[in-house]
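Chain by chain, the residues run as shown.
There are 2 protein chains.
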Amino acid sequence: MIDPIVTRQLRQIVGESYYRDDPEALVTHSYDGTPMLQSLPDGVIYPKTTNQVADIMKVLSVHRIPVVSRGSASNLCGGTVPVQGGVVMVMHRMNRILEVDQENLTATVQTGIITAEFTSHIESMGLFYPPDPSSMKISTIGGNIAESSGGLRGLKYGTTKDYVLGLEAVLANGEIIRTGGKLMKDVAGYDLTKLLVGSEGTLAIITEATLKLIPPPKSKKTMLAMYMDLYSAARTVSRIIEHRIIPATLEIMDNATIRVVDDYAKLGLPHDVAAILLIEQDGDSETVERDIDQIRSICESEGASRIEVAEDREQAEKLLTARRSAFTALARLRPTTILEDATVPRSRIADMVLRINEIANKYNVQIATFGHAGDGNLHPTATTDARDHEEVHRVELAFEEIFEAAISLGGTITGEHGVGLVKAPYLEWKIGAVGIAVMRGIKLAFDPHNLLNPGKVFAKETRKRVVIDRVRTSRTEPNE
Amino acid sequence: MIDPIVTRQLRQIVGESYYRDDPEALVTHSYDGTPMLQSLPDGVIYPKTTNQVADIMKVLSVHRIPVVSRGSASNLCGGTVPVQGGVVMVMHRMNRILEVDQENLTATVQTGIITAEFTSHIESMGLFYPPDPSSMKISTIGGNIAESSGGLRGLKYGTTKDYVLGLEAVLANGEIIRTGGKLMKDVAGYDLTKLLVGSEGTLAIITEATLKLIPPPKSKKTMLAMYMDLYSAARTVSRIIEHRIIPATLEIMDNATIRVVDDYAKLGLPHDVAAILLIEQDGDSETVERDIDQIRSICESEGASRIEVAEDREQAEKLLTARRSAFTALARLRPTTILEDATVPRSRIADMVLRINEIANKYNVQIATFGHAGDGNLHPTATTDARDHEEVHRVELAFEEIFEAAISLGGTITGEHGVGLVKAPYLEWKIGAVGIAVMRGIKLAFDPHNLLNPGKVFAKETRKRVVIDRVRTSRTEPNE
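So the protein lines, in turn, are chains A and B.
Residue numbers for the first sequence follow this note's numbering, so the first one is 173 and each next one is one higher.
Residue numbers for the second sequence follow this note's numbering, so the first one is 173 and each next one is one higher.
Bound-form chain A, shown alone (with noise of 0.2 Å):
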């Protein structure tokens, strides 16, 4: 419960209708794309300008009020679950594209803009962001620089990180920090961009982003390539790379994966094949069309055993939206699916997607495996039942033991989703208790009170192994 002094505060600054402290509006931002995560906020906050995020943060900070920033919560760590209550703080009103500089091909915005909505408005420019993670139709490029998002292009083009150059925030305090700008380099001190960019909302509420733009491709082309063998699909990407070939785009589906998006998108993909690689390069067309003969070469001499190279852009397209609805296929199947993010070097992912079968079939688990396989990305996606806590139970135990895999093969916990609450207890895996130990300091520095999205990337407890008879609290079921 919040003091109504400070509501009335709250409401002075953003007006009667955006503060709101209705069940309603606290149910429906108790719980965000993580499933089996749910927790009650004191209020939710609709700010506008920038002035107002840092005017709440000064009243939110004199009380100790903890506060969750969020886009669309469309996340997959429960990064915007607000574990310890107090507002939450919703950026869809901050929406505007508020300059496209052709000049210096930059873009910049307020961060509650949908990516999706940024993106068409680029490329009807003639312009280019390259960053697309699968939710884009609903994320924000706020949410997308919080969690440092990916997509289907980072192999070629890197994730969000790589397209931000300078952005307006506000501390926890109050104050406006302002990073970077229109500049291709810029060195001076620390770089708190970058350091801003996948801190998800704990160190400072970003408002503003400028983001670089890029030449659109002029063509591209998009093919799959089918194996009858998980090995040798995992073996034809790194082929592919070491014949110095960096496509665009570079996806891997398991078999569980290939029914399943098949049977929702009808495309006529074979039942019985091991995997399947989608493959898309870009760029000017000659090079396309050498890499496209060259990749396709590869695919045929490592044992590919169909290819089909997509005869128009509609047909290429029909191919990349089945692979990006992978996981609303696979959330048909059953009422819960818990999708995952476990990153090794793209040398290893057919030694990780055995690892996941062997660990689905110890604990008796479906699990089906999609991802970037360019990039080491693979995303092993669990069907299960939130009601049967058993099982639940089961699953846990076996994507415990697929981060520890991801580890032990030079990987890490998260590549692109975040660790939120979900990875927490799994951060010091990767970057030890050493590395924990600075990253505090650096959430200290910048939030001495630990009111930004608080029980966030630290956790109270580590997981030291696999131990079978832990009882996890956390994770209780959402609203149904």
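Check each hint, because a few of them may be wrong.
[To be verified] Derived lysine-lysine pairs resembling BS3-like cross-links, with alpha carbons at most 30 Å apart:
#1 B:K390 x B:K309
#2 B:K328 x A:K390
#3 B:K632 x A:K230
#4 B:K390 x B:K490
It should be emphasised that the hints constitute simulated quantities derived from the structure, not laboratory data.
With chain A's structure known, arrange chain B on it following the hints.
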């Protein structure tokens, strides 16, 4: 003076001959590439392994002795001058290439390796590491990482920061931290990798780096465009980008630079033109041909008086070498050369060059300007004489106004050289008092006793505005 008990401990760690405190060692490590700065250390140490670095730091931190880690000290911001004495740690013995991973396109190196030696090795394997600071024949990968160095290929390929995937570093207390990895994506916690890149030796001692490699471009073409009018040259830069062409290199030299470079390199450049653009494109040969043709017609329509396309690689290399030699060539003119680093949005470079010329006239000092026009990263370079204190004072006032002008044009005080000692008083102009406070908090999180390169980045005093009668004592004449 360091207590003999401590020096004995340090000698035990590295071996008798790898800790020195004889006058020759102290004097030769009392300055760096920055003119007019000198301060004697108390000792110089040459570690061979990460564990030695960790052991050294354990000893130094117990005794609260400052340490300045350095590669070849070619930086231009006073970044490696040991202004608070203590120990200079020279990283040159840690110069091994630990691995080149062809499947993952990464290289892991000790940070004391010379950049050009590393790139030659990589290129001999048919791979490409784009960052190419002009100092690369003498500078180290560790120095490049500490300063987040740029280079001539920054426009298309980015800077050092964009190629560092993982780091091993030793903290002030001797603990070892490992960040990132052979991972194209990793969002496990705050991005310590990118935070350490560009941290100028103030947060940790970087001992190993995992670097991203890319396929080399298949062909290259180099051209010069000459202009009787500076504005036309600068406008051409924006026009090329607006035409959605991102050249690999897009450099500018003003008349003063052209004359000096030509006298030095005997290229037969015309001495009467106002500016020359040096443009290089790389990629597949069809793309390069098409881009160069289009660039040529943009140059023509913007009023270039003469355009020359290099006929072969030899001629092209000659042009690039000439540009790289600008600093050396200018250094022949007078005893002291001060090369600065003002950076603006690329659309503002004409305004910036004109402001530089106005300021040079106002203070009656000689400033030649060249730089990475495509990045908006200009290097106004003053030729002066350190023994003429009155003139040097005017040069310093001129640079102060140049930094102010850069900021007022939406730019920054340093694009690729770092803050170090020289820019520290101006950092607040770029990042504000709030930004400085956050950076100080980060510094404290890593290095609570301020032992790592103390006196850098953060200034005791901030320049509020240009004050004519101030006395600056920090710059004293080096060893001559």
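So, going through the hints one by one against the coordinates:
no., hint, in the structure
1, B:K390 x B:K309, "holds (24 Å)"
2, B:K328 x A:K390, "holds (17 Å)"
3, B:K632 x A:K230, "holds (29 Å)"
4, B:K390 x B:K490, "holds (20 Å)"
Taken one by one, the earlier hints all hold for this structure without exception.
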